[in-house]
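Fit chain B to the supplied structure of chain A, relying on the hints for placement.
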Amino acid sequence: MAKSPEEEHPHEAFGWAARDQSGILSPFKFSRRATGEQDVKFKVQYCGICHSDYHSIKNEWGSSTYPLLPGHEIVGVVMEVGRKVKRFNVGDKVGVGCMVGACHTCENCENDLENYCPKMILTYNSIYYDGTITYGGYSNIMVADERYVVRIPDALPLDAAAPLLCAGITVYSPLKYYGLTKPGMHIGIVGLGGLGHVAVKFAKAFGVKVTVISTSPSKRKEAVEHLGADSFLVSRDLEQMQAATATMDGIVDTVSAQHPLLPLINILKPHGKLVLVGAPEKPHELPAFPLLLGRKMVAGSTIGGMKETQEMVDFAAKHNITADVEVIPMDYVNTAMERLVKADVRYRFVIDIGNTLRAP
Amino acid sequence: MKITKSHEEEHPVKAFGWAARDPSGHLSPFNFSRRETGETDVRFKVLYCGICHSDLHNIKNDWGFSTYPLVPGHEIVGVVTEIGKKVKKVKVGNKVGVGCFVGACNTCDMCSQDLENYCANMIWTYGCTCYDGTTTYGGYSDFMVADERYIVCIPENLPLDGGAPLLCAGIAVYSPLKHFGFVKQGAHLGVVGLGGLGHLAVKFAKAFGIKVTVISTSPSKKGEAMDYLGADSFLVSSNADQMQAAKGTMDGIIDTIAVAHPLMPLIDLLKSQGTLVMVGAPDKPLELPVFPLLMGRKSVAGSAVGGMKEMQEMLDFAAEHNITAEVEVISMDYVNIAMERLAKGNVRYRFVIDVGNTLGATQT
Chain A
584 MAKSPEEEHP HEAFGWAARD QSGILSPFKF SRRATGEQDV KFKVQYCGIC HSDYHSIKNE
644 WGSSTYPLLP GHEIVGVVME VGRKVKRFNV GDKVGVGCMV GACHTCENCE NDLENYCPKM
704 ILTYNSIYYD GTITYGGYSN IMVADERYVV RIPDALPLDA AAPLLCAGIT VYSPLKYYGL
764 TKPGMHIGIV GLGGLGHVAV KFAKAFGVKV TVISTSPSKR KEAVEHLGAD SFLVSRDLEQ
824 MQAATATMDG IVDTVSAQHP LLPLINILKP HGKLVLVGAP EKPHELPAFP LLLGRKMVAG
884 STIGGMKETQ EMVDFAAKHN ITADVEVIPM DYVNTAMERL VKADVRYRFV IDIGNTLRAP
Chain B
127 MKITKSHEEE HPVKAFGWAA RDPSGHLSPF NFSRRETGET DVRFKVLYCG ICHSDLHNIK
187 NDWGFSTYPL VPGHEIVGVV TEIGKKVKKV KVGNKVGVGC FVGACNTCDM CSQDLENYCA
247 NMIWTYGCTC YDGTTTYGGY SDFMVADERY IVCIPENLPL DGGAPLLCAG IAVYSPLKHF
307 GFVKQGAHLG VVGLGGLGHL AVKFAKAFGI KVTVISTSPS KKGEAMDYLG ADSFLVSSNA
367 DQMQAAKGTM DGIIDTIAVA HPLMPLIDLL KSQGTLVMVG APDKPLELPV FPLLMGRKSV
427 AGSAVGGMKE MQEMLDFAAE HNITAEVEVI SMDYVNIAME RLAKGNVRYR FVIDVGNTLG
487 ATQT
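Keeping their order, the protein sequence lines are chains A and B.
Position 128 of the first sequence, counting from 1, maps to 711 under my numbering, and the rest follow consecutively.
Position 240 of the second sequence, counting from 1, maps to 366 under my numbering, and the rest follow consecutively.
Excised from the complex, chain A in its bound form (with noise of 0.2 Å):
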């Protein structure tokens, strides 16, 4: 028989969650394996709201096991290292993104592409080495192998920081290996939400020019004023879309409903990028001619892998870059949920687990 969530692993921990699709959140008692030689322990102090969060308790995606504990943007501090490790010691602040395991042996894991792997284990609703299902970081503590621990420079707040773990590196990612950073390129930003407003300063850090495009035109404001874009689009206005013909050498589009492409790939100049990383339930229209007369492309990005998240983590603390946040109580979560499919937040809600995540 099955061991129960609070006795398969020798240490107690509590957290928030989902029993079920209707993804209401609760208290929960579960376990945390030992620290084993690799592992890192961490009490969490902050973890981020993702809308993949929202999509895993609801099982929009059918892949959801209950109980399920979500949170993949966890940062805190150490409280215990096993023997082997070498990069962390207790007090230092850490973080945990989207992932805690893979294979390290194909080809991805070599090149430091862990996110890529086919065995990629995520932080939470996967199947870890053990067996047992992996728990996220709406709970008090994490334990994770040390290769999937970032570590959080003081010069970055931890509750502005944390959205950077999965947020911040979904965008950053593709910015680089798409070739998206270089002066004097102009790339278009779709969506401003947690990603897209995090991807408006990873763009401007690196000097490029930023146009926003969004259905909503009251966001123009905050995203010329207080995100420093450099110019902005209703997309839903043909004749602003019109005149942004072929001025675009990228776009980043972080919307995850339904939307059209055409639109998208018109702005692109020749040989210009659209890079996917929000996820639609059903497939995008995509129509061909567009993209063979200007030898033009659609790809897709997720996350990064570690050696990158690191390097983005450590880039956002030299260039003051952290998400715009509103800060909750563990008890308000559900309340944030329902706010959240509604977009209502500016940007990212993020859970102040160490004050406010209490003992059931």
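Hints in this document: simulated from the structure, not taken from any laboratory.
Please note that the accuracy of each hint is not assured.
As the list claims (entries may be wrong) - Partner residues are not named here, just some residues of chain A that face chain B (Cβ under 7 Å, in silico):
| no. | residue |
| --- | --- |
| 1 | 866 |
| 2 | 867 |
| 3 | 878 |
To be verified - Some chain B residues flagged as far from chain A (calculated, every beta-carbon gap over 10 Å):
| no. | residue |
| --- | --- |
| 4 | 149 |
| 5 | 163 |
| 6 | 164 |
| 7 | 219 |
| 8 | 238 |
| 9 | 273 |
| 10 | 350 |
| 11 | 399 |
| 12 | 436 |
| 13 | 442 |
| 14 | 470 |
Glycine residues also receive a C-beta, built at the ideal position from the N, C-alpha and C atoms.
Structure of chain B alone, referenced to chain A:
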């Protein structure tokens, strides 16, 4: 009231070819005219012209922008009969060709990188408005006049009939092979569709020394693909077991299919970081599944022929490696039947019209 000149009168030099008059696509003899040979122009007698599937799309107005009368043909080869006084590239008597375009702005970013094919003001060889406001007429005709920049030299050892399709089909697959980095040691390329473009993609890829798998709906093409064209393996796209076994094995795929078709099984064949390049132009949008692109950092791109510099490079490469198209040479008056057969994929693998020997007889 301005009276537009007739096609026979709009230019000084009389010309003759076959044109479609309406979207039935039926081709028939057509008298028109071409410009005089300008100082940077090359005039050549057309000997052969390949029939490209785009010709069929255009005569039938499948893409919705055809204007009639329409003289198709953009795989045109022949012999130079006159050159303008500033022409340096060729002499009278040289074997030359013209492909899909005969002009561009020559000053933009794309043109300055020898990528005239991506110039926003590129002028197609037929059915397009030329610098002087007239329509361009293609290679199903007795002679062509084109600016030197848009003329390629056909290497001596390349037969003209088998060489003609290189000017569209050849460059259409050669260019993405190079640009998307598929030509590297140990690379594995998929080629979807074994037709005019597909068979040349296999030949070029094998000449570059990479592993090639042909993906086709027709099991009957396997022998041809592997024994004759040299492909390393063959997948029947409707065979779920075969496609499953090949998942995640290809660095790149060149997709030559010109009708809408599922992309998901092809994206699954790519290794992570792989690219699917579409060179066929379906007129209806395709379905793009997003998760597989994200989870493997994969991409879908398009490519359309190549610039003039690359066209010449491709021809020279073809000559060096004895690469020509597999052709069925036909007489001019067979062209309507050829179009019907082409629509059914009944050709191995390109019709080429023997313009030089058979067009004249159709002129009354």
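Legend entry - Hints that the structure is at odds with (numbers, increasing): 11
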